[in-house]
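Following the hints, complete the assembly by docking chain B onto the known chain A.
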Amino acid sequence: MQAFTGTGALIRLLVRRDRGALALWIAVMLAFPPINAAALARMFASTEQMQAFVRETEGNLLIVAFHGPIHAATGAGLVAWRSLLQVVFAAALGSMLFVIRHTRAEEDAGRRELVGAGAVGRLAGLTAALAVVIVADVAAAALLAGLLALVVGFPVAGSIAFAATLAAAGALFAGLAAVAGEVASSATSARKLAIGAFAGLWAVRMLGNAGEAAGGPGWVSWLSPLGWAGEVRAYADERWAVFGLFAAATVGVVALAYGLAARRDLGAGLLALGTGPDAAGRGLRGLVGLAWRLQRGPLLLATLALALIGAALGGIGAGFAEGLEASPSLAAWLAPLRGATLGDAFLALMLYVLVALVGAAHGVAAVLRGRAEETRGHLTWILATSASRTRWLGSHVGLALAGPPILALAAGLSAGSVDALTSGREERAAECLGLALTHVPAAWVMIGLATALFGRFPRAAGPLAWGVLALFTAQVALWEAGAITRPWLNPFTVSHPMLALDLRLLAVLGLAAAGLTIAGALAFRARDVG
Amino acid sequence: MTEVIVTRGLVKTYGRTRALDGLDLTVAAGEVHGFLGPNGAGKSTTFRALLGLVGADAGEARLLGGDPWRDGPALHRHLAYVPGDVTLWPDLTGGEIVDLLGRLRGGLDPRRRAALIERFELDPRRRAGTYSKGNRQKVALVAAFAADVALLLLDEPTSGLDPLMEVVFRECVIEARAAGRTVLLSSHILSEVEATCDHVSIIRAGRIVESGSLAALRHLTRTRVEVELATTPPAALPGAHDVRVEGQRLGCEVEAEAIEPVFRRLAELGIRAITVHPPTLEQLFMRHYQAEAR
Numbered sequence: 001m002q003a004f005t006g007t008g009a010l011i012r013l014l015v016r017r018d019r020g021a022l023a024l025w026i027a028v029m030l031a032f033p034p035i036n037a038a039a040l041a042r043m044f045a046s047t048e049q050m051q052a053f054v055r056e057t058e059g060n061l062l063i064v065a066f067h068g069p070i071h072a073a074t075g076a077g078l079v080a081w082r083s084l085l086q087v088v089f090a091a092a093l094g095s096m097l098f099v100i101r102h103t104r105a106e107e108d109a110g111r112r113e114l115v116g117a118g119a120v121g122r123l124a125g126l127t128a129a130l131a132v133v134i135v136a137d138v139a140a141a142a143l144l145a146g147l148l149a150l151v152v153g154f155p156v157a158g159s160i161a162f163a164a165t166l167a168a169a170g171a172l173f174a175g176l177a178a179v180a181g182e183v184a185s186s187a188t189s190a191r192k193l194a195i196g197a198f199a200g201l202w203a204v205r206m207l208g209n210a211g212e213a214a215g216g217p218g219w220v221s222w223l224s225p226l227g228w229a230g231e232v233r234a235y236a237d238e239r240w241a242v243f244g245l246f247a248a249a250t251v252g253v254v255a256l257a258y259g260l261a262a263r264r265d266l267g268a269g270l271l272a273l274g275t276g277p278d279a280a281g282r283g284l285r286g287l288v289g290l291a292w293r294l295q296r297g298p299l300l301l302a303t304l305a306l307a308l309i310g311a312a313l314g315g316i317g318a319g320f321a322e323g324l325e326a327s328p329s330l331a332a333w334l335a336p337l338r339g340a341t342l343g344d345a346f347l348a349l350m351l352y353v354l355v356a357l358v359g360a361a362h363g364v365a366a367v368l369r370g371r372a373e374e375t376r377g378h379l380t381w382i383l384a385t386s387a388s389r390t391r392w393l394g395s396h397v398g399l400a401l402a403g404p405p406i407l408a409l410a411a412g413l414s415a416g417s418v419d420a421l422t423s424g425r426e427e428r429a430a431e432c433l434g435l436a437l438t439h440v441p442a443a444w445v446m447i448g449l450a451t452a453l454f455g456r457f458p459r460a461a462g463p464l465a466w467g468v469l470a471l472f473t474a475q476v477a478l479w480e481a482g483a484i485t486r487p488w489l490n491p492f493t494v495s496h497p498m499l500a501l502d503l504r505l506l507a508v509l510g511l512a513a514a515g516l517t518i519a520g521a522l523a524f525r526a527r528d529v530g
Numbered sequence: 001m002t003e004v005i006v007t008r009g010l011v012k013t014y015g016r017t018r019a020l021d022g023l024d025l026t027v028a029a030g031e032v033h034g035f036l037g038p039n040g041a042g043k044s045t046t047f048r049a050l051l052g053l054v055g056a057d058a059g060e061a062r063l064l065g066g067d068p069w070r071d072g073p074a075l076h077r078h079l080a081y082v083p084g085d086v087t088l089w090p091d092l093t094g095g096e097i098v099d100l101l102g103r104l105r106g107g108l109d110p111r112r113r114a115a116l117i118e119r120f121e122l123d124p125r126r127r128a129g130t131y132s133k134g135n136r137q138k139v140a141l142v143a144a145f146a147a148d149v150a151l152l153l154l155d156e157p158t159s160g161l162d163p164l165m166e167v168v169f170r171e172c173v174i175e176a177r178a179a180g181r182t183v184l185l186s187s188h189i190l191s192e193v194e195a196t197c198d199h200v201s202i203i204r205a206g207r208i209v210e211s212g213s214l215a216a217l218r219h220l221t222r223t224r225v226e227v228e229l230a231t232t233p234p235a236a237l238p239g240a241h242d243v244r245v246e247g248q249r250l251g252c253e254v255e256a257e258a259i260e261p262v263f264r265r266l267a268e269l270g271i272r273a274i275t276v277h278p279p280t281l282e283q284l285f286m287r288h289y290q291a292e293a294r
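Chain order of the listed sequences is A and B. Throughout the first sequence, residue numbering follows the UniProt record's numbering, covering 1 to 530 in sequence. Throughout the second sequence, residue numbering follows the UniProt record's numbering, covering 1 to 294 in sequence.
Just chain A, same shape as in the assembly (with noise of 0.2 Å):
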């Protein structure tokens, strides 16, 4: 057992660390349901109303695909599957991204060299973060649990199977991002490991509800873990089974990580670093060809990822030629897509998500990772040379410009001709396109957000831009789903499909996204780097 040695004061020392934002994390996972039954409790006054909107729903690809079936037709049931998303995605993504950062980001840091040469055993870090944050997994649980059958009043047996769901889901995925720490070769590339996997696993989620929703099998929910977590079914015939099936994974998962952290040296990593050129090519020439270098394996990525995903969104819309307004509700939702059919309906939504939040959110992440470089001290290397700063952040902030619109042609092209060659109508690439294409200027006016941030205020600089980003997600989240009226300032309402489009407001954007972008540019030559 001495490879644990060590493991109770590492314990400590985590929690020490992170005990805010551990406390922060699990406070945003018990806020969701709660609003959640508030804004569902004032949108049906009736029990008739209730069911209508479940019948309705039952049919709707849109919905149903993000969200799942409906199990149970009663508050709580509706509560549970309107939250199951956010609450999952929430344990998962806090879990994965705690547990890397106590591993693989200790060991790039050279803190966990430092450690282990004290009286602290091989698989005591791995060990310490995997507890902390499995324990606050459940804790979280048993929070949620007693929130939602004392406070709100719901079924005790459903909020327990409700609450188990977050912490099945939370433990899980800790254990899948300990094996890509394992796995990878850096913090960055775990993250990236673990997140991916996520996104995977989600997709596969929701392309099973959808395909079941149209007639496909059923079994494919079923392959993934996220499949799983809706097949619980909280507050109908509670299926206590299903939680043999996570905790088999998490075993499997967590004895994986340790199978291959007893194996691994310090520093290594099952994809190991080759070697490469002794001499830089002719695209290392400067300060784009470094930003390009920096750059282009999450652009490359985001790229290929949405090509794939639209083509699969778009087959699954050609699919739903009913028109929109055999759903009145739908309808007047969606009030400028007046005889479209429900297909294009979902794509429209879908497009917006993939543009306009994906790409933000891509957008964000490429200019902080010019924030990163100046962390890592590279850009004090950079700046004592005759590179200059105006055009040393121009290579970044110009490669993360450039992602919305690539990433806008990926999804908008490869959803339209999918559609096109499915449902012959050809005009549906050039439209999906051009939906696409409205979304980019939101996404560029994050990345001129964050870059007047990293220029005025660059230690807050990350936490702020993705603070705001995930404000103004919620916002548009709350604003689609009734519970609060447009949100003035926010660049994602302004091409959202509920609203008709309206050109000069994008052009309001684009220039809203070149003053934040020069403002930023203006306040990083005033200050002092590194």
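Since the hints were made in silico from the structure, they are not lab data. Here the structure is a predicted model, which is why all the values come from computation and not from measurement. Note that beta-carbon positions come from the ideal geometry of N, C-alpha and C, so glycine has one too. One thing to keep in mind: the hints can contain errors.
To give a feel for the contact side, a few chain B residues facing chain A, derived at Cβ under 7 Å [stated by the list, open to error]:
1. Leu53
2. Gly95
3. Leu104
4. Arg125
5. Arg126
6. Leu214
Below, chain B alone, put in the same frame as chain A:
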């Protein structure tokens, strides 16, 4: 232009800390200038200010005849910088980074690059993520010495190098001086400074507390003398300090101006054996380090 670096009353504060507190540093063209000081004395901040990475709160800095904050990129064409803690892009190879830095500076001599890679025994095909601390340092040194520049700014450049590579580094600095380059070298390795530098400045708490040629600075410290006399030593010896007498043996410390009268007096007493230790940089340096600790 005889002065490559001039700062006058340079002040830089970070919150309540005064990293630079009226720094007056002068480095003449063609000299190898040692820059010494305890940790946290402001050495790295000085380099950052000279590179125009941070703006000074007060005072003036001139580098190669220009203002480093305003004319940074133009001036940087003529200098190369090596930080003490080199961080590299983990996915790029050492050779790619040497070339990239050279291109960003406006070109480098391929023959010199090849020769330096050979001398520093650097494997340029390895990804930087797999380099040890010493190897990362070598990448920066090869990039700096291969550049055709007038000024080298070296901030603790040899941390992590093994003794063999340390020798190569010293050769490179001496060659740079022979080629007419100016070098500002900060280091904690005093033997390295003694072997390569002709001028030294000592910084403490953001100020230069001592500056001058190594010979002149030696002058400021006392020479240690141990002598065995033919007769019983006198109780007092004018000009000598810390006199200790043990039988016919006498030990003392002598200031530079008092060497001649003291030795005349000792010669009169009859010298049988004598050892003289010249002042070391270490003594000089310790004086300031200890003053810091007090």
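> Which earlier hints turn out false for this structure, listed by number in ascending order?
Replying inline: Per hint list: single violation, 6.
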